[in-house]
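Residues in the sequence shown are numbered from 1 upward in steps of one, following full-length UniProt numbering.
Treat each hint with caution, since some may be false.
[As the list claims (entries may be wrong)] Here are the computed lysine-lysine pairs in the PhoX-like style, where the Cα-Cα straight-line distance is at most 25 Å: (1) K77 with K88; (2) K170 with K74; (3) K243 with K231; (4) K87 with K74; (5) K87 with K145; (6) K88 with K200.
Simulated from the structure, these hints should not be mistaken for lab results.
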Amino acid sequence: MSEPTPEATPTPAVPPADVATASSSSAEPAPKPKRSKPTPEEIEERRKLRRLEVIPDGLSRAEWKRQQKKQRWKDTKAEYLEVQREKKRLARQRKRVRLQENEELREAQRKRTKQTPTDVSIIVDCAFDDLMLDGEIVSLSNQIKTCYAAMRRCNYKLPITVTSFNKRLKERFETGLGEYTLWTGNLEFTDKSLMEVGDKLQLVYLTADTDEEITKLEPDHTYVIGGIVDKNRHKKLCYNKAKELGIKVARLPIGKYIEMNGRHVLVTSHVYELLCQWFETGGDWEEAFNKVLPPRKLKRNEESKSATPVAKSTGKEPEEKKD
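All chains, full assembly: derive it from the sequences and hints.
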């Protein structure tokens, strides 16, 4: 009798090289490792170093730490900007790969229209640096960043010029928002003043302190937004400045759509977003306000009693900006 033939052991399939490469390239990036808590020894070492610190006469510890932070930024600024450029380059590269692999994405890219010209421009007047606290400077810089994002999203061309870009505001951008030098699009920073940049006859300063209400944005006009965060400490600041310079003043139709305790003021970024949305909505202010402002700031429609929450403002919202 013949011996039974043993069954062959199956050989595991080896994926082709290109398949393995593709799967590895599409794998999710590994999460960043969490920072471990300092050990008691490390904490004690930090305390020792802190006791050895020599703070210059006339400086508080907080001010000295701020100066140290600024110096560290100066020392690493070039390296930081180079890293940001590399990140942008890699992002563009990834986008090209996605477009090559996704036909729908390529079609959407082809159909994307350019921004429609409006013949309207915006100035953010930042000549109020000395009237703000350090935290308010930070808030204003973040609002300008929000304006830039809104400008990039808008289907209409509303270029921004940030005037009087100097002193602490410029320092804040250089130390905390260094990537602003890489921003592209229709946003310009200049240390020139409002009157050096704009044509006086075409300027309209937007302020809540006037009864003159605009109904539409006129072509060949430049609308000025006061770049200040002051929690309403400085009353009629933008209005008085405009009057001294002989610039026309106007207010957005706030009273029809916003109910707030106190003066009708908006933050810088909200004002710019409203101007963008006025074009996006075909000149419908009500829809623009509903798209931009939080529901708690909008008047309730008493007739419709709609389910959409549009309650009165508590008055605790940041009333930072003249509209």
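Hint by hint, which ones does the structure fall short of?
Of the numbered hints, just 6 does not hold.
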